[in-house]
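Respectively, the protein sequence lines represent chains A and B.
Following the UniProt record's numbering, the numbering of the first sequence begins with 1 at its first residue and continues without gaps.
Following the UniProt record's numbering, the numbering of the second sequence begins with 1 at its first residue and continues without gaps.
If you're looking for bench data, these hints aren't it; they were derived computationally from the structure.
Small disclaimer: the values here were computed from a predicted structure and weren't measured.
All C-beta atoms in this analysis are idealised placements derived from N, C-alpha and C, irrespective of residue type, glycine included.
Where hints are given, some of them may not hold.
Between beta-carbon pairs, the in silico distance windows are [stated by the list, open to error]:
(1) GLU377(B) with GLY117(A): 38 to 46 Å
(2) GLY75(B) with LEU33(A): 43 to 51 Å
(3) ILE143(A) with GLY311(B): 32 to 40 Å
(4) PHE329(A) with GLU192(B): 52 to 60 Å
(5) PHE329(A) with ARG81(B): 41 to 49 Å
(6) VAL21(B) with ALA328(A): 38 to 46 Å
(7) ARG116(B) with LEU29(A): 54 to 62 Å
(8) GLY150(A) with ARG382(B): 52 to 60 Å
(9) LEU263(A) with GLY311(B): 17 to 25 Å
(10) GLY13(A) with ALA61(B): 19 to 27 Å
(11) PRO307(A) with ARG81(B): 51 to 59 Å
Incomplete in silico selection of chain A near chain B, CB under 8 Å [stated by the list, open to error]:
(12) ARG9
(13) THR12
(14) LEU16
(15) ALA20
(16) PRO167
(17) LYS169
(18) LEU170
(19) LEU200
(20) GLY211
(21) ASN212
(22) ALA215
(23) LEU218
(24) VAL221
(25) ASN222
(26) GLY284
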Amino acid sequence: MTGTVPLARRITGHRLFWPAVVLAGLLLLNLALTDGFFSVEIKDGHLYGSLVDIARFGAPLILVALGMTLVIATGGIDLSVGSVVAISGALACLSISGLEDQNSVTGVLTAVGLALGLALVLGAWNGMLVAVAGIQPIVATLILMVAGRGLAQLITDGQIITINSAPYKLIGGGYWLTLPFGVLIAALLLALTAFLTRRLALGLLIEAVGGNAEAGRLSGVNARGLLITVYAFCALCAGIAGLMISSNVSSADGNNAGLWIELDAILAVVIGGTALTGGRFSLGGTILGALIIQTLTTTIYTIGVPPETTLLFKALVVTVVCLLQSPAFRARAFHRRRRPAATPAPADEKVEVRA
Amino acid sequence: MAQPAPIVRMRGIGKQFPGVVALDGVDFRLLPGEVHALMGENGAGKSTLIKVLTGVYGIDAGSIELEGRPVAFSGPLEAQRAGISTVYQEVNLCTNLSVAENVFIGREPRRLGRIRWREMRRRAAALMARLEIDVDVTAPLSSYSLAVQQMVAIARAVDVDAKVLILDEPTSSLDAGEVAQLFRIMRRLKGEGIAILFVSHFLDQVYEIADRMTVLRNGRLVGEYRTAELPQVELVAKMIGRELADLERLEERPPAREGAPLLEARELGRAGAIEPFTLTIRRGEVVGLAGLLGSGRTEAARLLFGADRAGTGTLTVDGRQVALRTPRAAVRHKIAFCSENRRAEGLIPGLTVRENLILALQAARGWTRPLSRRRQEELVGRYVAALNIRPADPDQLIENLSGGNQQKVMLARWLILQPRLLILDEPTRGIDVGAKAEIQRLVAELSDDGMAVLFISAELEEVLRLSHRVGVLRDRRLVAALDNDDELTTEALMETIASGGRA
């Protein structure tokens, strides 16, 4: 039966079709407004171009959104990632600023290790609150969202720590094999996540816990360990993103680093077609979602939207994406004209909660 | 007797889902003032036909008439306004709201946009009194048993000005007294000229209440019959489309097992759930648990699986004392538990048949040791074939399967683990005759191969047919453990349940 479905409908029916269309549309809009928007050239042995910039500046968001995807798939949410971004950047910069030689590779690696270690601990703390204490995820992570900002400011002593370290600069601002180092890290983490969830069985167990927690428990899934792992992984991703952001500007700002990134990350996950209710998740969708958000930010600059209306403009585009992602909306907007008697198949009904 | 004009007439109904033809050219009519049974196996299209009639699904072919006028409802609410009320198989109420709120949800008595709570409570209480349901309408629905919740759902359905009342498996969770009460209500409503469409797998109930019946098989119409003119055996043959010879009951009672004890529970109990009980299950033995709804059958089983933590007593497996604090610990001892509440405690929606099927095995292995895709496909293929799961498509979403086939997937999820003790809580509830016989045969085979089975069922015949020994529960207490010898009959069992101990 599936063989008889026309190819065109299989493509338009794919759940990532509409996000892909929006991304392509945004890119084409940029191409129309900016000459050579798609051109990528090599200067000084580095890749240069607007597309490369989108990937480079989007890398932290992609990382945070990756971790967020897994958390949301378990039926939870992590509001604390923005604070973890700030904490990890702050701790790394503090520890580097204390070095006698800020260009010492060992010193920088220690700083990175410390920062990521703390991120893991904070993530595990979130996971314990959710899995062991049974606190609702939105409340459990709200604690760290608020307290974490304070912790970051404590670490930086309320100041902006500025450093001058070449090895650290590599993480967010450097290049390797002509490619931005941050993009490579994001690609590596994506590959790692895909491996853990799809080649190993982490994905199935996460989807089981998120789809029906009680059924998962009765099937012998160790939900407690799973949740702690997932929240810790999410915080680790946020920690790496924090290193990237602070490395890119060679400074740590406990107040503003990663501010509101949790909301962009949640948005990216939702645009990518993972339901906030948990269950089925899509890593590819999340990447698309993060790229849409980053492209949107770039577009706002290139088409010269006045700063006071950028947020409104962003909201407008996001609304359009979410509407396009909703099967119910599509059925109303498109199908009515073509086939008045058409009704959604039951399989479609189940995904209506998405977006 | 001249037949009145049908109130509902459906002609040539066709409905397809991706990969499945659910209904194909089905005709159906419903007369006012009759109880009409819709019969067929799981997956025959009963639920789909009802959902098509009430506008949950659109139709791909055919026509629907209500009182002679063609209709096409856009949803259950519109159907309800036109006088077609439905009570579905699984209770669709908000258990966190009060009984009164549930009865009037969406149509609360209002004045100036404000809900008139007092009026609502008064009317709800009057309605409950009329239907002889003894509840406090201000109490949250969750404080009542599933059976009472079902009655409330029916009360809600009949309170709207219904011309047609559809009851999809209303009795599957009711005990005998409650069924009698429901039938009394149904007869009263029938006397008022309401047409009642009734779906049930209990043939005795159908023969007690229904005037006529329509039989479906594999989405097609087999025929429409007067109940009085169609003997039960012929009905069963029509439903499953097989010869009667295939339907022979499982032969003699199984001989008693003498194997070593596999699991022994001593004074195992949990406050508020089940009084301390002592029970031994031997290798290859089928132990039945009989008792009324709410007598503690499920609660006892959950303790043996670690789904709930026991407050008192000890549990030994293979003579060694174990503490089953979680289902995970039980699985490690090769104990499996198939819950009676498929939707809440079994199925993972959004995942495929394959993923649902391998879940327990994968969970036992942990996420670092995945089953290879090929091994998955081999296992799933084997169990889909062995249990005759339809449609035989491992990548179909689980929610697209009928109830009976979902149940088989749940069974397969545990059989893959090759457990030593399989706990089955109402595995045949809401399942058609064919699938029921398949599952019963399977239990007998598994036990012959040395697997111990704890078999919980409300149907005493079934318990007696399969079990070597029967534990009887009453009021959350294990009152007797009886050998299934020639003296043990359904009457004797009922006597024990009623009196609380064998005389």
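Note to self: Could you work out which of the previously given hints the structure breaks and list their numbers from low to high?
What the structure shows: Hints 4, 5, 6, 9, 12, 13, 14, 15, 16, 17, 18 and 26 not satisfied by this model.
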